[in-house]
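**Student:** Residues per chain are reported as follows:
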Amino acid sequence: MKNPQKPLRETNKKVRPAGWQIVAVALFLFYMLLPIVSTYIFSVATRWDRTILPEGYTLEFYIRAFQTSYFIITLRNSLILSAATILVSLIVIVPTVYWVHTRLTGFKPLLDVLMILPFGIPTVVLALALVQVYNVPPLARSPILLIGAVVVYSMPFMYRPVSNAMQAIDALTLTEAGQSLGANVFQVLSKIIIPNILPGILSGSLLVFSTVFAEYTLTSLIVGAKFKTFPLLLVEYTRINGNIAAAFSVVSFTIAWLVSILILWVGTKGQNGATETIQAR
Amino acid sequence: MPLSKRKTGYTSDWVRLVPFLLFCLAFEVVPILFLIRGSIIDRNTSQLTIQHYLNLNHPLYLNSFLNSIKISGLTAIVGVIFGTFIGYAIYRWPSRRIQEILMTLSDVTTNFAGAPLAFAFVVILGMNGVITQFFLEYFQYELYPTFSIYSFSGLTLAYIYFQLPLMVLLILPAFAGIKQEWRESAQSLGANAFQFWRHIGVPVLMPSLIAGVTLLFANAFGAYATAYTLVEAKLSLVTLQIGYMIAGEVRKDPAIGMAMAVVSLIIMGLSIGIYQAATIRARRWSKS
Numbered sequence: 370m371k372n373p374q375k376p377l378r379e380t381n382k383k384v385r386p387a388g389w390q391i392v393a394v395a396l397f398l399f400y401m402l403l404p405i406v407s408t409y410i411f412s413v414a415t416r417w418d419r420t421i422l423p424e425g426y427t428l429e430f431y432i433r434a435f436q437t438s439y440f441i442i443t444l445r446n447s448l449i450l451s452a453a454t455i456l457v458s459l460i461v462i463v464p465t466v467y468w469v470h471t472r473l474t475g476f477k478p479l480l481d482v483l484m485i486l487p488f489g490i491p492t493v494v495l496a497l498a499l500v501q502v503y504n505v506p507p508l509a510r511s512p513i514l515l516i517g518a519v520v521v522y523s524m525p526f527m528y529r530p531v532s533n534a535m536q537a538i539d540a541l542t543l544t545e546a547g548q549s550l551g552a553n554v555f556q557v558l559s560k561i562i563i564p565n566i567l568p569g570i571l572s573g574s575l576l577v578f579s580t581v582f583a584e585y586t587l588t589s590l591i592v593g594a595k596f597k598t599f600p601l602l603l604v605e606y607t608r609i610n611g612n613i614a615a616a617f618s619v620v621s622f623t624i625a626w627l628v629s630i631l632i633l634w635v636g637t638k639g640q641n642g643a644t645e646t647i648q649a650r
Numbered sequence: 002m003p004l005s006k007r008k009t010g011y012t013s014d015w016v017r018l019v020p021f022l023l024f025c026l027a028f029e030v031v032p033i034l035f036l037i038r039g040s041i042i043d044r045n046t047s048q049l050t051i052q053h054y055l056n057l058n059h060p061l062y063l064n065s066f067l068n069s070i071k072i073s074g075l076t077a078i079v080g081v082i083f084g085t086f087i088g089y090a091i092y093r094w095p096s097r098r099i100q101e102i103l104m105t106l107s108d109v110t111t112n113f114a115g116a117p118l119a120f121a122f123v124v125i126l127g128m129n130g131v132i133t134q135f136f137l138e139y140f141q142y143e144l145y146p147t148f149s150i151y152s153f154s155g156l157t158l159a160y161i162y163f164q165l166p167l168m169v170l171l172i173l174p175a176f177a178g179i180k181q182e183w184r185e186s187a188q189s190l191g192a193n194a195f196q197f198w199r200h201i202g203v204p205v206l207m208p209s210l211i212a213g214v215t216l217l218f219a220n221a222f223g224a225y226a227t228a229y230t231l232v233e234a235k236l237s238l239v240t241l242q243i244g245y246m247i248a249g250e251v252r253k254d255p256a257i258g259m260a261m262a263v264v265s266l267i268i269m270g271l272s273i274g275i276y277q278a279a280t281i282r283a284r285r286w287s288k289s
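Chains as they are written, first to last, in the working numbering: chain P, 370 to 650; chain B, 2 to 289.
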């Protein structure tokens, strides 16, 4: 996969996909796209519970969805949570990755293990542990505790792209060059290192954004109704009104697609795409 | 000379990792240790006890473990078999553009877990869903009540949705590890396609297949939002039970929740551990 122009396998240009390949890929596409496409159609259908195709089309449910009292509040809360998580994640991870790639290379294996740990902890278990330990105000069941939990849970998504980008540049030589010109640590980081690993930072931030924006488990179990986010509103409406829930699902799917396209775009600008990050799961 | 001013010893340098390590301690390590402690300490006497684990021997909890293991195992195996097959179809596809589009699609869809996905499955397979209607219209067949999206069978289909693309992403690099020269050498030595796969292809893929089964298993075992939205109280799963304990809907001994959490940590830890070991082994082939 070193050369992006080449197919995964060397083949003659004229070779056509075999019949079984077309069938396998078509079934895969069907499974992956049918639920999504149906939800998009359902959200604009007047009635779709007695026939194969909808009886009519309307935008009514979008208008009602956007008018629900909690729509703006939950959207705002989700954005606050995502932004805060990205910020804390960057502050904690970028300098750490930098040190581990320059002067503390011996700690890299430890860091790699710490970054796999969140995958071994089910989100409900993390929520239970945090709620039990931090059971006194002001931390108990607070948005601050939630941000800490979400940062831990989304850490690997930030770590991978940033670490890969750091690997791709010679951080030690750049640091020494900067220092020999009289720059201090903060100048080296802000003027040399960060601009050089910007694609990695952007990919990581976008991955964290899409993870946190869709986060349901930690939010509902740690803070619940006190700090309602968009996914909580969605789940609530799946039990109240299916049409409005469909409109909310469409909003959620569309944001996920847009962020993925952005990640891909950032990935082609830099060297590392999102694919590698996901594979690391 | 600025370089000479650099501190070189580890003793002072590791201090720079303190903010990160403190963060991990505060929000990850310490809470988990407290959880483990809580599961083996009697609240009233402060003595070591295994009573909380013995209390798990109750149909409700045993069933939730059984259901969780069943659905995770089933969707992991289905995901690995079909994911490998689809992955191979994509890998052999002649156009790089199509390959990239399919990989991006897998990338996005494997993260489509949770409430929106659960709802999308209600739209197609709910009581009045598209596919339910289709079966009724063209085959005069009522899916319900034999099948229900709000049950084990429905949840299985929803889980496979995010398992399948994850396996595709995992297996694609493994296929790239099977070198074209090996295939040619095998052919020139008179091996047919079956012999090639039996003696070369499958053994080379084996670590990736094991990694796939364990990762997919862990992926499903830890899932909560999809199950909560779809089945809620109709099917008992470990994650759902732990969730009820936190939400306080059932006033039960919190130590039972902790014991359940520790058992699931062990199950998840084993899966992720095997996954990690298998991945390191799988990388041997793709290195050169």
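Calculated directly from the structure, the hints in this document are not laboratory data.
Treat the hints with caution; some may be incorrect.
Derived DEER-like restraints, expressed as beta-carbon distance ranges [said to hold, decoys possible]: (1) Tyr439(P) <-> Arg199(B): 55 to 63 angstroms; (2) Phe35(B) <-> Thr420(P): 50 to 58 angstroms; (3) Leu479(P) <-> Phe35(B): 16 to 24 angstroms; (4) Leu398(P) <-> Arg38(B): 46 to 54 angstroms.
If you want the footprint, here are the derived chain P segments under chain B, 3+ residues with CB under 8 angstroms [to be verified]: (5) 429-440; (6) 567-575.
For each residue, glycine too, the CB sits at the ideal point set by N, CA and C.
**Student:** All the hints need checking, so say for each whether the structure fits it.
**Tutor:** Status of the hints after comparison with the structure:
| no. | hint | result |
| --- | --- | --- |
| 1 | Tyr439(P) <-> Arg199(B): 55 to 63 angstroms | holds, 59 angstroms |
| 2 | Phe35(B) <-> Thr420(P): 50 to 58 angstroms | holds, 55 angstroms |
| 3 | Leu479(P) <-> Phe35(B): 16 to 24 angstroms | holds, 22 angstroms |
| 4 | Leu398(P) <-> Arg38(B): 46 to 54 angstroms | holds, 49 angstroms |
| 5 | 429-440 | violated (count 0) |
| 6 | 567-575 | violated (count 0) |
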